[in-house]
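*Asks:* Going line by line, the protein sequences match chains C and S. First residue of the first sequence: 1, per my numbering; consecutive thereafter. First residue of the second sequence: 1, per my numbering; consecutive thereafter.
Incorrect hints may have been included.
Ranges between beta-carbon positions, derived for each pair [what the hints assert, rightly or not]: (1) Leu-56/C / Thr-103/S: 36 to 46 Å; (2) Gly-45/C / Lys-134/S: 47 to 57 Å; (3) Gly-67/S / Phe-2/C: 21 to 31 Å; (4) Tyr-20/S / Val-49/C: 38 to 48 Å; (5) Leu-28/S / Arg-59/C: 42 to 52 Å; (6) Val-88/S / Phe-2/C: 21 to 31 Å.
In short, the hints are calculated from the structure, not lab data. Just so you know, these numbers come straight off a predicted model, no measurement behind them. Where a beta carbon is used, it is the ideal one built from N, C-alpha and C, also for glycine.
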Amino acid sequence: MFRPSHFAAVVLFALFASVVFGITQRETPRRMIHYGLYCFVLFVGSAIVLSWLMFLIAR
Amino acid sequence: MATVANKNAAGQDSQQGFVYLPLIAGWLLPGAGHFLLRKWGRGALLSASILGMFAIGIAMQGKLYAGAHDILELLGLAGDLGNGLLYVVSRAAGWGADQVTVTTADYGTRFIVVAGLLNVIAAVDAHNLRTGRKT
Numbered sequence: 001m002f003r004p005s006h007f008a009a010v011v012l013f014a015l016f017a018s019v020v021f022g023i024t025q026r027e028t029p030r031r032m033i034h035y036g037l038y039c040f041v042l043f044v045g046s047a048i049v050l051s052w053l054m055f056l057i058a059r
Numbered sequence: 001m002a003t004v005a006n007k008n009a010a011g012q013d014s015q016q017g018f019v020y021l022p023l024i025a026g027w028l029l030p031g032a033g034h035f036l037l038r039k040w041g042r043g044a045l046l047s048a049s050i051l052g053m054f055a056i057g058i059a060m061q062g063k064l065y066a067g068a069h070d071i072l073e074l075l076g077l078a079g080d081l082g083n084g085l086l087y088v089v090s091r092a093a094g095w096g097a098d099q100v101t102v103t104t105a106d107y108g109t110r111f112i113v114v115a116g117l118l119n120v121i122a123a124v125d126a127h128n129l130r131t132g133r134k135t
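Kindly produce the complete structure, drawing on both the sequences and the hints.
*Replies:* Given below as structure tokens:
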């Protein structure tokens with residue numbers, strides 16, 4: 001059984017979803033790469049921000 | 001003027017044959033719709049992403065929804081069905097878990113559902129390429 005950490009799961013999820021979003025939502029390869037990177041940063045960044053918020057609320 | 005004529009000709013070319021073939025092929029096999037349209041790079045990346053997400057979901061002992069006892073299960077089943085033949089093969093082979101018992105299995109369940117939803121997006125993209133709505 002594959003048991004990644006929470007962060008590894010987030011990164012894997014963000015990677016796969018960003019590739020699909022980039023290819024399907026933009027037309028030129030350059031814009032696909034930019035949009036894919038943008039989505040990846042938003043996925044991982046929002047997970048980190050929300051995690052810190054929950055950590056601070058729980059204290 | 002020549003550009004408009006060329007666009008019309010290209011549009012007529014793209015309307016020949018069964019226009020829904022890339023949509024159906026893309027749904028049944030991730031990336032197949034793009035391969036049919038000779039978009040090899042895009043198809044390979046989409047295929048690798050969706051197959052990877054599904055495989056990781058199965059490896060994490062994610063649950064494959066089988067019935068629709070309540071609205072949440074129905075939504076999960078709809079997402080799983082987006083995986084096309086992957087879902088059918090996995091059900092037939094008995095992969096995945098019947099019950100979610102650990103946290104990673106819950107993540108795996110979401111990975112499988114989202115892989116199905118991403119596959120639907122990819123199949124619709126192949127259809128848009130086929131009809132000329134997207135280049």
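*Asks:* Determine for every hint whether it applies to the structure shown.
*Replies:* Outcome of the hint check:
Between Leu-56/C and Thr-103/S the beta carbons are some 22 Å apart, a value that contradicts the proposed interval 36 to 46 Å. One distance hint, 47 to 57 Å for the beta-carbon pair Gly-45/C and Lys-134/S, is violated here, with the actual separation near 28 Å. The beta-carbon spacing between Gly-67/S and Phe-2/C, approximately 26 Å, falls within the hinted interval of 21 to 31 Å. For Tyr-20/S and Val-49/C, the hinted distance range of 38 to 48 Å is satisfied, since their beta carbons lie about 42 Å from each other.
At roughly 50 Å, the beta carbons of Leu-28/S and Arg-59/C sit within the given window of 42 to 52 Å. Against the hinted window of 21 to 31 Å, the Cβ-Cβ separation of Val-88/S and Phe-2/C comes to about 22 Å, which satisfies the hint.
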